[in-house]
Amino acid sequence: MSTIGITLNGERKEVPAGASVADLLNSVGAESQNVAVVVNEHIVRPDARASVLLQENDQVEILVFAGGG
Amino acid sequence: MSSLPAWLTDSRLSEDIEPLLRQEDSESLERLAAEAQAVTLRRFGRIISLYAPLYLSNFCSSGCVYCGFASDRKSPRRKLDASEIEKELLAMKALGIGDVLLLTGERTAAVGFDYLRRAVEVAARHMPRVVVEAFPMSVVEYRGLAECGCTGITIYQETYDPENYRDLHRWGPKQDFHERLETPERVLTGGIRSVGIGALLGLSEPVGEALALLRHARYLCKTYWKAGVSVSFPRIRPQEGGFQPNFTVSDRFLARMIFAFRIGLPDIDLVLSTRESPAFRDGMAGLGITRMSIASRTTVGGYVEADATSASQFEVCDDRSAEAFCAALRAKNLDPVFKNWDAAYNNPLAAEELA
Amino acid sequence: MDSLRLGTYTFSSRLILGTGKFSSTSAMIEAVRASGTQLVTVALRRFNREQAEDDLFGPLSAIEGLTLMPNTSGAATAREAVKAAHISRELSGSPFIKVEIHPNPHHLMPDPIETYEACKILAAEGFIVMPYIPADPVLAKRLEEVGCSSVMPLGSAIGSGQGLSTAEMVKLIIRESNIPVIVDAGLRSPSEACAAMEMGCDAVLVNSAVAVARDPAAMARSFAKAVVAGFEAREAGLMPRSGAAVATSPLTSFLGAAS
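Residue numbers (the working numbering), protein chains in the order written: chain D, 1 to 69; chain L, 1 to 355; chain E, 1 to 259.
Read the hints as simulated data drawn from the structure, not as lab findings.
Honestly, I wouldn't trust all of these hints.
Stated by the list, open to error - FRET-style restraints, in silico, Cβ to Cβ: (1) E/P134 x D/D47: 58 to 64 Å; (2) E/A62 x L/A6: 53 to 59 Å; (3) E/T77 x D/L53: 49 to 55 Å; (4) L/D267 x E/A52: 53 to 59 Å; (5) D/E11 x E/E53: 45 to 51 Å; (6) L/E147 x E/G256: 32 to 38 Å; (7) E/H107 x L/R42: 57 to 63 Å; (8) E/R5 x L/G242: 23 to 29 Å; (9) E/E198 x L/Q175: 55 to 61 Å; (10) E/L238 x L/P5: 40 to 46 Å; (11) E/I113 x L/L41: 32 to 38 Å; (12) L/S11 x E/E53: 37 to 43 Å.
Just so it is clear, CB atoms sit at the ideal spot from N, CA and C, and this is done for glycine as well.
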């Protein structure tokens, strides 16, 4: 299976070619969390995550709310 | 009658000062004086800024019951032409004056916007600060004056009581209470850097007037936060025509009002003119008052040669010379100045910089 | 009690809480509930599998009547703050955004220039913009002009517990402001929160003082009472401060006897 390299939360990661954003969330255990996903500065809404496919060198951020003042 | 603006009736804008105005005992008066003195010293140091009035004309179209210039008064009318204005200004400069207030009555054919603008141009050549007290104008007209070197406009509401206002302004353009009330805002919108407001004390119930005036000042400061606002305390004086004010405003009440205003408006100039006696002026300097007129002539012109014939707007009570008055202030450890070091910063506020 | 109006929202509580520095999410939730607050601020961070159970969005969303105000903490520029705001709105559905831009990680002082730029953009986009700022009266007016729904001047540096060290500046801001003024940061005790309200603040935001207390929920309750006390005292009409001591030579003798 071929893989592509992306950056996830600042770290380099290999993912299967053709993986969707939803697949990525599954693979990191974020599928049932309230998360925001940003791919290359674009917000990817929940209803689009299954259809947006990752590309080589994509910059992905998965974000949640945390405590803060 | 359209409704009054919210700020005028907003008791919350004056609730901290209202109790101070309603007290009547000597002990509280002394305490207020001390606090006003402390606030003034902290904020203004010992400086008293000085200016002198130059009446350009006594033509008037209005019928204000309380004014010596009212159009039904029978006294000679005069207006200064440009060269006469220049001569008066030079005479004023020779007396040590460096800050002029140009005055006219209400708008007339003889004295309108163009006349005033020309006067400002002439004055701006000689004086670093040119303030105008004249008829209400439009935003466009105020911008015109600003561009000619007008650095401030003084416009008194006379009274903030609309019914009384109507009774006192028998005819003429000054009859419109709301137009007058909105004038300070047009001044500042037109780019003039500062506005002076006031009520003619004695026309209406004094505590009510004081509260309205305080609210007006605070509203202007909050809304036009880049502009200068000052408050004057003209008190009705006897004049030709024999108008008797409805209310007597005692020295003690006026002093209390000034102290309260200083405490409530710690940063703005509070102004006292030569309507008041030497003793009152000397006493109040440094206890809240930070700006005063001097060597006043309230007839038209009058600095080149005394004018005994034409009407005066009010009787001058303190007629000391500039020198004598400055000496009195210095004796009180105060520092009289004609502010002239910020001429470079007196340019009108560009439209896009306005609050 | 008069309601606090922020944008199109009204709140009966004038205590806003931050959610950071608590020993655990459950401690934070307990404090939030105890305080009666209706507005809390949260930050964005990267998802981390190990910390997944610490999700606070779920528990916070379960509190009835609570609105979230995400903040842009972590952003060092206007651009980053705007980005954070978009992501936050996406995640929370809330139109509130606390614009918090502190490029210096030591003193955490807010950057006035980046804050202004970010607020201008976000206000135009329809956010309810709540900028965290130095206690600067001119900056406060400029932010009001570009459409912020409040200004939040700091009392003292975040977490420093130095109280209302900026009181005189905050008073100037209150005097000139046409929008709510909310002291945020540095408040250490309920009495300081009470003093801020008596001074004329419309609300206060407290985080560290509650989070690091031995009993955060009790501390939160105490702050809530103090905020109510201060607000009600002000509304009831505080006695004016008496002036300076009477001078030995009376200043008013020139006025003569009562006339």
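Hint by hint, here is what the structure shows:
1. E/P134 x D/D47: 58 to 64 Å: The hinted range 58 to 64 Å is violated for E/P134 and D/D47, with Cβ atoms some 42 Å apart.
2. E/A62 x L/A6: 53 to 59 Å: 41 Å, violated
3. E/T77 x D/L53: 49 to 55 Å: 31 Å, violated
4. L/D267 x E/A52: 53 to 59 Å: 55 Å, holds
5. D/E11 x E/E53: 45 to 51 Å: 21 Å, violated
6. L/E147 x E/G256: 32 to 38 Å: 48 Å, violated
7. E/H107 x L/R42: 57 to 63 Å: With a Cβ separation near 29 Å, E/H107 and L/R42 fall outside 57 to 63 Å, so the hint is violated.
8. E/R5 x L/G242: 23 to 29 Å: 54 Å, violated
9. E/E198 x L/Q175: 55 to 61 Å: Check failed, 45 Å falls outside 55 to 61 Å.
10. E/L238 x L/P5: 40 to 46 Å: Cβ of E/L238 to Cβ of L/P5: about 27 Å, so the range 40 to 46 Å is violated.
11. E/I113 x L/L41: 32 to 38 Å: 35 Å, holds
12. L/S11 x E/E53: 37 to 43 Å: With Cβ atoms ~55 Å apart, the hint is violated.
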